[in-house]
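2 protein chains.
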Amino acid sequence: MSAQKPSVPKGTRDYSPGVMARRNYIFRTITDTFESFGYQPIETPAMENLSTLLGKYGEEGDRLLFRILNSGNFPGDADREDWLNADPARLALQICDRGLRYDLTVPFARYVVQHRNDISFPFKRYQIQPVWRADRPQKGRYREFYQCDADVIGSDSLLNERELIEITIGIFAALGIKCSIKINNRKLLSGIASQIGLKERLGDLTTSIDKLDKIGREKVMEELREKGIPGEEIQRLFPILSVEGGNQDKLEQLASILNADTEGTQGITEMNRLLKLCEGLGSPGQIQFDIKLARGLNYYTGTIIEVLSDDLEIGSICGGGRYDDLTGVFGMPGVSGVGVSFGADRIYDVMSRLDLFPGETLSSTRLLFVNFGEEREGYILNMLSRLRKEGIASELYPDAAKLRKQLSYANNKNIPFVALIGEEEMKKGMITLKNMLSGKQEEVSLEEMISEIRL
Amino acid sequence: MSAQKPSVPKGTRDYSPGVMARRNYIFRTITDTFESFGYQPIETPAMENLSTLLGKYGEEGDRLLFRILNSGNFPGDADREDWLNADPARLALQICDRGLRYDLTVPFARYVVQHRNDISFPFKRYQIQPVWRADRPQKGRYREFYQCDADVIGSDSLLNERELIEITIGIFAALGIKCSIKINNRKLLSGIASQIGLKERLGDLTTSIDKLDKIGREKVMEELREKGIPGEEIQRLFPILSVEGGNQDKLEQLASILNADTEGTQGITEMNRLLKLCEGLGSPGQIQFDIKLARGLNYYTGTIIEVLSDDLEIGSICGGGRYDDLTGVFGMPGVSGVGVSFGADRIYDVMSRLDLFPGETLSSTRLLFVNFGEEREGYILNMLSRLRKEGIASELYPDAAKLRKQLSYANNKNIPFVALIGEEEMKKGMITLKNMLSGKQEEVSLEEMISEIRL
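Those sequence lines, one after another, are chains A and B.
Residues in the first sequence are numbered consecutively from 0, following numbering that gives the first Met the number 0.
Residues in the second sequence are numbered consecutively from 0, following numbering that gives the first Met the number 0.
It is worth saying that the hints were derived from the structure and are not from the lab.
Take the hints with a grain of salt, since some may be wrong.
All copies of an identical chain are treated as equivalent in the list; a pair is satisfied when it fits inside any one copy or across any two copies.
No farther apart than 25 Å at their CA atoms in a straight line, the calculated lysine to any residue pairs in the SDA-like style are these [claimed, not checked]: (1) Lys439 / Gly196; (2) Lys404 / Ile127; (3) Lys275 / Gly428; (4) Lys275 / Gly54; (5) Lys275 / Ala400; (6) Lys4 / Gly196.
No experiment lies behind these values; they were computed from the predicted model shown.
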């Protein structure tokens, strides 16, 4: 076989040790916080039945699912006509029964229904796994990326919302990312839609409102007109979205606008209680009630949350909300849940660009023994075993290569100490220890070396 | 949409919190050991280009690859005739460019070649990720399962083999699994094949020899006859495979049989040196030179390793070996590597069935505050924040549900302590702390509680 030029599929990446160390730092921070609030981990398979995934993410989502070709004689009874007419959508359904997961929320809903008899509700779970989307790859958007989700299912208490906000604040504080937590409630948006006589267009309204920050008021008005929403209603919409002031001020203005609508009033009550519960959380002004926050996903029904970096315009680095009936489609109606999802890749980008990673994320070897040949190997192997028992990651260069090459290996791997044992040292039972940062060399005993190089 | 009965695809599983805790215990033990020997983590994408995967695992491997349907108009220019003739193999190649990874070794070889300019050799990497195989699911065999690999690439020193054996012994000792490490060398098998005049049938020989322990001598002889190997040669093979005695004895007998063959002699030298290097490792007799060990994978060229549980017949729980030219197919010839792969799922099964997991793998909440209603929430939320600062995972039940329900939640989640704060306690600034194991209740201050429940 001729040599292939090796590459990864478009939109996917390898993670090398340096990047892995930084990613693991993010994952560890998130995991530790989740666990300190009593969330427990689960994992679900990379592939799900397409019946689980299809229809949950809208038309675009269906299109962006990666589908797995059935094994064996996959064409089976697939319709020859469909093939000849080259209808990809119909064909794909006949030759693929499974797809790669598109997010962690729908598999979680499936999990909850499937394991309902083993779960003690309210169920607080977290899940950190990759998801796959056949999106057009572009800067900062990948076809394989990690989501870190925490959800509480089976309780409609707003204490859960407060807890997820506290978790979010805690994680970003630990990572050193300054951020704003924007919150809103879908019931308020629904109330506004009713108020201006567009209750049945709520979906269209939220999709457009969601773009306000990105494309601006004029473009959104244009989009709404294109969707066939009358100019008069649009004129009534924007003053409501433009309420100004502190969280409480805005809420009071909205309360007087929405007081005739049941759902809107319910939204006001919930937001009032949530703001009260969140008093004292985060820095002053960090939690911002924003009536223009809409979020795209259709399954949200109550509180919605979005987190933006204060120092870098990169889109949301965390988002979530309450969904009242996600498990209904799998045969378990009336179970309310609320969750947040952290985007590990964007968080990584923010931390890289703002230089927020601590210096020592790369957990690497502390000490390299130079290899001077077979006759000293046994002696060194015994020392290595002792060092590792002391919790000191250490290694012996496997070949008796040139000293220069061995030192350059230590350098490239950021190994801070190198031990040299020549004939002289071996006779005396001593070690020449070289500090790779300072270049300093000294002769020490094994015990002295251990206390010197220990972290 | 009507409610669906939710399920996962055949051969895949959900991991619930209890199982996750035990799996993470295994992964942590493996990771800590790998890192203490200077191995660094990498990760590669779940999907690889099919050109990377095809032809690397033999015909069966190609058949067992999960293929991903191309996005969009996937039929494109695919041959209509192939479709009408329903030739799955030809069709699949036209409508799928990518597949899910089948193991971690081939993606690693691809990684090494792709990143050769950024890697400092010898490169010691570990990788813990799922792999996918469209195998027929059966007890203990899954379509999605985790491999934990450590490899050294770019050094042909036998110190690497010794190190991987030491790592293997260390990991299984830490997990409490008693095991035997079987080692052999493909060069010895090659020498034997030459010796009996079957050099060109080495592949067939190793595949059959590999089955000796499973199906026995008679069946293997039958299989060899069916493969067209003459009875005379078969008669000469088995006495060689039946050498008896200690490691050194067996090796000496083989040395006298193979002394005319260059590769065989090379194998003897390598095995001699490896056994010498391994002196003192593990318990007496734990490392066993076994000339019948063959291992299926074609890419091994030197030492081969396989680990078996002493207490449970479940097949190999770890295996590996040296491969001299895995990167050659990707355009980087002459780079030798050696690695081992731990099968997390079989290890899990062994530990479960032998009851080897420590009692406290489930890192769960230490303390649950009972929720008696809104008026005490603020008070409790402040305490929670203090407890978490002390590193104590704790939570407040989110609803003011019946006490019985809240206690049963604590029970199901294995939460060891429950705090009750009634009106009385709040006035006094005290807490009623209930030990869920002993059932004992006592009134304590916050500070007393912290020192009581801390792990």
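State whether the alpha carbon distance between Lys4 and Gly196 is at most 25 Å within one copy, between copies, both, or neither.
-> neither (60 Å within a copy, 38 Å between copies)
Is it within a copy, between copies, both, or neither that the alpha carbon of Lys275 lies no farther than 25 Å from that of Gly428?
-> Result: close only across copies, 23 Å inter versus 68 Å intra.
Have a look at Lys275 and Gly54 and pick one of within, between, both or neither, based on CA distance no larger than 25 Å.
-> neither (37 Å within a copy, 63 Å between copies)
Have a look at Lys275 and Ala400 and pick one of within, between, both or neither, based on CA distance no larger than 25 Å.
-> between (67 Å within a copy, 21 Å between copies)
25 Å Cα threshold - placement of Gly196 relative to Lys439 | neither (78 Å within a copy, 60 Å between copies)
Is the C-alpha distance from Lys404 to Ile127 at most 25 Å within one copy, between copies, in both cases, or in neither?
-> neither (40 Å within a copy, 29 Å between copies)
Of the numbered hints given earlier, the model fails hints 1, 2, 4 and 6; all others are met.
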